[in-house]
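> Based on the sequences and whatever the hints tell you, model everything.
Same order as they appear, the protein sequences are chains U and P.
Using this note's numbering, you'd call the opening residue of the first sequence number 45 and step up by one each time.
Using this note's numbering, you'd call the opening residue of the second sequence number 1039 and step up by one each time.
Calculated directly from the structure, the hints in this document are not laboratory data.
Heads up, a few of these hints could be off.
Calculated cross-link-like contacts (lysine-lysine; reagent style DSS-like; alpha-carbon spacing at most 30 Å) [to be verified]:
| # | chain 1 | residue 1 | chain 2 | residue 2 |
| --- | --- | --- | --- | --- |
| 1 | P | Lys1199 | U | Lys157 |
| 2 | U | Lys97 | P | Lys1277 |
| 3 | U | Lys278 | U | Lys243 |
| 4 | U | Lys235 | U | Lys214 |
| 5 | U | Lys214 | P | Lys1277 |
Not the full set, but computed from the structure, chain P residues with beta-carbon under 8 Å of chain U [unchecked claim]:
| # | residue |
| --- | --- |
| 6 | Arg1246 |
| 7 | Gly1248 |
| 8 | Thr1249 |
| 9 | Arg1275 |
| 10 | Thr1276 |
| 11 | Asn1280 |
| 12 | Phe1283 |
| 13 | Asp1288 |
| 14 | Ala1291 |
| 15 | Ala1292 |
| 16 | Arg1293 |
| 17 | Asn1294 |
| 18 | Tyr1355 |
Simulated restraints on C-beta separations [claimed, not checked]:
| # | chain 1 | residue 1 | chain 2 | residue 2 | range |
| --- | --- | --- | --- | --- | --- |
| 19 | U | Ser223 | P | Arg1064 | 26 to 36 Å |
| 20 | P | Val1152 | U | Pro155 | 32 to 42 Å |
| 21 | P | Gly1264 | U | Ser121 | 28 to 38 Å |
Quick reminder that beta carbons are idealized off the backbone N, C-alpha and C, glycines included.
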Amino acid sequence: MTEPNSTPLIEVRDLVKHFGSVIALGGVSMKVHAGEVLCLLGDNGAGKSTLIKTLSGVHAPTEGTFHVEGRPVSFQSPRDALDAGIATVYQDLAMIPLMSITRNFFMGREPLKGFFPFRHMDMAHADTVTREEMRRIGIDVRDPQQAVGTLSGGERQCVAIARAVYFGAKVLILDEPTSALGVAQTSMVLKYINQVRTKGLGVIFITHNVRHAFAVGNRFTVLNRGKTLGTHAKDEITIDELQNLMAGGKELQDLGAELGGTV
Amino acid sequence: MSDADAVPATPAQPDERLKQTTLMTRLLRRPELGALAGLILVTAFFMTVANPAMFSLAGIMNFMAPAAQLGILAIGAALLMVGGEFDLSVGSMVAFAGLAFGTVLVTWEMPLIVAIVATLVFAGGIGAMNGQIVLRTGLPSFIVTLAFLFILRGLTLVGLKWATDGATQLRGVKEAAGDSPFLELFSGEAFEGLFAMLAANGWIDTFRNGTPKVTGMPVEILWFAGIALVATWVLLRTKFGNWIFAAGGDANAARNSGVPVRRVKTILFMATAMCAALVAILTVLDAGSTDARRGFQKEFEAIIAAVIGGCLLTGGYGSAIGAFLGAIIFGMVLIGLTYTDIDQDWYLVFLGGMLLLAVLFNNFIRKRATGER
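Here's what the structure looks like:
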């Protein structure tokens, strides 16, 4: 697993982001190594979305350092982040339902053949690759030309992740990939996240579900009110401690006791 | 298949999976199916009701000419709609581009080719401006281009008076065009030799003196077919086509995947305006003059043809071939009624009915095809 001395794939230190008078991030530090899943936990409004968007090049940070494989970077657009090997899979913005699986899979990176002005998409190749990649993650695609709208939510997330992996991502940022899914679909996505990790990619898994996080995570960073509350390895912390840390403690404990420990 | 060596891990297995998709499902997935069904329906209707002269060669040319003029606009509108935007100013753009063309050609006495290029560039510029306003303000293109519907129509009136010292019609286009070698491309008929040959062999109808009743194919029909083919190829087979679907389907998702959504939409706005300019050039050269009413209400007809052709109003879905078929339906109904005993004024009723039917049908098909619930 992670050797602490290796260069992290992504390292941010004291990241600050202001939107006008709103301090969305007030000092976030975290790092991700190859072959590990870093879970980023935080309740609503903790600043998860802003952090993701900063890491993926949508927002430029106001202050703080951002290193990718030891080199300082400043992204101007999502394209820059993609080129640096950071791929973000958004919860519901990953796929376009009306477009075919193949068209979605290669969106923005279409394989071309032929010469100008007759350059065109190599559809046969794209279909073959799509079908092959889908089979690899265990989704039976009858026809890669079928619309993504026909896939289940879990399958869509898996397609989005598979796409990022296929195009050479080194770091995957997954924005609540399991929050809208049922039990079977959640385990399908979690299984796939684990598979991606063993391939040697770094994964940043954003969630507010501690159980999902504990199922695949190696380290856990808790975000609260725009700040990181520290990072814990899996063997240093229990599910309950993590839950309390994330929700800010006491009230939740009380509520949990009231509801018979089910929260 | 040459792709087999690109991905050697894939044996012949895909075929076995493909068979599970029935031909019916694949047909239903095509957006232009509704338009095709509509065209067959309308053809069958006129075959039974109309004078058989409608489907003679001359009759076909008769309804294909207006279909072509509308169709060029409709294909531009269709691509823009797939890209998720509207342009309600295309009808006024026809008039305004007609004015620009007439001014450069007649008033400034420039050669024909200069006037044509200038008109297209000018229209492209206005399209780009439309696009920039929509994209930079985030306002709905419906409202922004509705404003330009009036602005351009008004500017045409004002400009015509300025260019002609007070008239609302600019004449003398044919004289100004003279015998430019480019005239053949934009005016008159094509394949005249072929038609003469066919007539000589008795394969098409001739007058008693031996000249064919139809001496050639109007050039706008060729432009119409050519643009439909190019647009279809771009939409279905190129990277840019994929970007059009993506930009219209979900601009955010497309942007996150690295699609330059703004550039795509700006180019589409420009292309739509240039289609309008092409129609202006074709019709002004044909008529020999231009006036302020040119292209009146064509924007609605173009959008209706695109919708009949399977375009969704919400973007991300549609086809250029569909718009092609939709425009032919229009031409058939418009001209076809004159071949029947039916009152001409039923045209609008027929049109509205077609639109309603098409939208209902397309909605149903899309839900079936995409598994949307």
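> Determine for every hint whether it applies to the structure shown.
Do the hints match the structure? See the list:
1. P:Lys1199 to U:Lys157: Roughly 52 Å between the alpha carbons, so the hint for Lys1199 (chain P) and Lys157 (chain U) is violated.
2. U:Lys97 to P:Lys1277: Holds, at about 26 Å.
3. U:Lys278 to U:Lys243: holds, 20 Å
4. U:Lys235 to U:Lys214: holds, 18 Å
5. U:Lys214 to P:Lys1277: holds, 25 Å
6. Arg1246: violated, 48 Å
7. Gly1248: violated, 43 Å
8. Thr1249: This interface hint is violated because 40 Å lies over the 8 Å limit.
9. Arg1275: Interface hint status for Arg1275 (chain P): holds (4 Å vs cutoff 8 Å).
10. Thr1276: holds, 5 Å
11. Asn1280: OK, holds: Asn1280 (chain P) within 8 Å of chain U, min 5 Å.
12. Phe1283: holds, 5 Å
13. Asp1288: holds, 5 Å
14. Ala1291: holds, 5 Å
15. Ala1292: Result: holds, 7 Å to nearest chain U Cβ.
16. Arg1293: With a closest approach of 7 Å, the Arg1293 (chain P) hint holds.
17. Asn1294: holds, 6 Å
18. Tyr1355: holds, 5 Å
19. U:Ser223 to P:Arg1064: 26 to 36 Å: Once the Cβ atoms are compared, 34 Å apart, the range 26 to 36 Å for Arg1064 (chain P) and Ser223 (chain U) holds.
20. P:Val1152 to U:Pro155: 32 to 42 Å: Holds - the Cβ-Cβ distance for Val1152 (chain P) and Pro155 (chain U), about 41 Å, lies within 32 to 42 Å.
21. P:Gly1264 to U:Ser121: 28 to 38 Å: holds, 37 Å
Hints 1, 6, 7, 8 from the list above are not met by this structure, while the remaining hints are.
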